[in-house]
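Undergrad: Spelled out from the first residue to the last, the chains are:
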Amino acid sequence: EPEVTQTPSHQVTQMGQEVILRCVPISNHLYFYWYRQILGQKVEFLVSFYNNEISEKSEIFDDQFSVERPDGSNFTLKIRSTKLEDSAMYFCASSRPSGATMDTQYFGPGTRLTVL
Amino acid sequence: DAKTTQPTSMDCAEGRAANLPCNHSTISGNEYVYWYRQIHSQGPQYIIHGLKNNETNEMASLIITEDRKSSTLILPHATLRDTAVYYCIVRVLDSGGYQKVTFGTGTKLQVIP
Chain V
4 EPEVTQTPSH QVTQMGQEVI LRCVPISNHL YFYWYRQILG QKVEFLVSFY
54 NNEISEKSEI FDDQFSVERP DGSNFTLKIR STKLEDSAMY FCASSRPSGA
104 TMDTQYFGPG TRLTVL
Chain R
150 DAKTTQPTSM DCAEGRAANL PCNHSTISGN EYVYWYRQIH SQGPQYIIHG
200 LKNNETNEMA SLIITEDRKS STLILPHATL RDTAVYYCIV RVLDSGGYQK
250 VTFGTGTKLQ VIP
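Same order as they appear, the protein sequences are chains V and R. Be aware that the first sequence starts at 4, since it is given in my numbering, and climbs by one per residue. Be aware that the second sequence starts at 150, since it is given in my numbering, and climbs by one per residue.
Bound-form chain R, shown alone (with noise of 0.2 Å):
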């Protein structure tokens, strides 16, 4: 899998966008991109995925940039539910099989009041 980069800790005021940011500057034309979260040792959620397109879904919108060598989540009203660790993944588009979920250290959002 390629190596992402995400800043260790993020605050955002509840009610604004919070947009985490990505790099995965050495992902392959088969890769995608995966965003999970994980609220204080619950499990891991899923939130979102895509290749290259924008995606956009009831939780949160993916913004990949063109050269796909970034991305970035975004929360578009934050609330006190949205602490958590978010995870950015780059997994390889399947390929009839399943891949293992490697977790990095991830970006600890604290949503303020």
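With the rest of the complex left out, here is chain V (with noise of 0.2 Å):
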């Protein structure tokens, strides 16, 4: 069965420097998600992106962040300058294959951002 995939699983990085966090949704969606969980809390919308633009962003998408699908598979989430407030798990999903009706997101593994 398709899945979400992300890399990496775990990142840990000084607090000021740059990430990013890469995704590979499943293959004939067209729609592409980031979320965060900040341990111990609900897990959060961050972003959408449809057809190589974003959507939507929550107030936590700030300048800081930005996304990216730099080719036909990979869809990236980069943190420009990251923040002890950044540590969290981030969830990658992907929907809609074309011509579905449903918008049913699927979400990968997770990458465990660790600042220090």
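Hints should not be assumed to be uniformly reliable.
Below 25 Å or equal to it, Euclidean Cα-Cα: the simulated SDA-like pairs (lysine to any residue) are [stated by the list, open to error]:
(1) R:Lys152 with V:Pro11
(2) V:Lys86 with V:Phe64
(3) R:Lys152 with V:Ser58
(4) R:Lys257 with V:Leu42
(5) R:Lys218 with R:Glu204
(6) V:Lys81 with R:Thr251
(7) V:Lys60 with R:Glu204
(8) V:Lys81 with V:His32
(9) V:Lys45 with R:Glu215
Selected chain R positions facing chain V (in silico; Cβ < 7 Å) [said to hold, decoys possible]:
(10) Pro193
(11) Tyr195
(12) Gln248
(13) Phe252
So these bits of chain V aren't anywhere near chain R, every CB distance computed over 12 Å [what the hints assert, rightly or not]:
(14) Gly19
(15) Arg25
(16) Asn77
Hints in this document: simulated from the structure, not taken from any laboratory. Each residue gets a CB set at the ideal place from its N, CA and C atoms; glycine is no exception.
Make the complex out of the two chains shown on their own, each in a separate frame, by following the hints.
TA: Set out below in structure tokens:
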């Protein structure tokens, strides 16, 4: 069964450094998302991406964050200058094969980001 | 999205059916009921969704009341691997685009040996 994959599984970085989290969505999906979950808290929406542009972003997704689909398979989340409070699990999701009527989102296993 | 109410936690004996309730009394006619689960810091896993008819797949059954104000997710034979947080989410019927998933705090299901 197709699944969303994410790399790395765990990323440790120093405060102020840039990180790029990578995702490979399900191959025939058209919509892509990033969510995050701070330890012990709810899963929170960050951003959605369709047709090579951001469809919606939350207030968390400030100028420090950017997303990109650099090729036909990868979807990346970049944090330019990490802060301690960026430490969290980051989940990628994808949805909607072409022609699908339902937006059922499938999530990847996550990347644990630790900012020191 | 309509607000949902779920118990904070539940226990279930291994091998027995786990029945997880969800109240969504303000649900609109164009909103689906979705269930996801999250096993200890893994990515949320889609389980099932429905509009008004009962639904069944290889993972679970979803029973929606006739007035659609509540639903129950049934795991017919719970195993230890079903220990997870279960999220009941109400989402607008697809309108041709997408919609972010808004997670609440869910029900923490503990399956007991």
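Undergrad: None of the hints should be skipped; say for each whether it holds.
TA: Hint check:
| no. | hint | in the structure |
| --- | --- | --- |
| 1 | R:Lys152 with V:Pro11 | violated (34 Å) |
| 2 | V:Lys86 with V:Phe64 | holds (13 Å) |
| 3 | R:Lys152 with V:Ser58 | holds (24 Å) |
| 4 | R:Lys257 with V:Leu42 | holds (15 Å) |
| 5 | R:Lys218 with R:Glu204 | holds (16 Å) |
| 6 | V:Lys81 with R:Thr251 | holds (22 Å) |
| 7 | V:Lys60 with R:Glu204 | violated (32 Å) |
| 8 | V:Lys81 with V:His32 | holds (21 Å) |
| 9 | V:Lys45 with R:Glu215 | violated (30 Å) |
| 10 | Pro193 | holds (5 Å) |
| 11 | Tyr195 | holds (6 Å) |
| 12 | Gln248 | holds (6 Å) |
| 13 | Phe252 | holds (4 Å) |
| 14 | Gly19 | holds (26 Å) |
| 15 | Arg25 | holds (15 Å) |
| 16 | Asn77 | holds (17 Å) |
Of the numbered hints given earlier, the model fails hints 1, 7, 9; all others are met.
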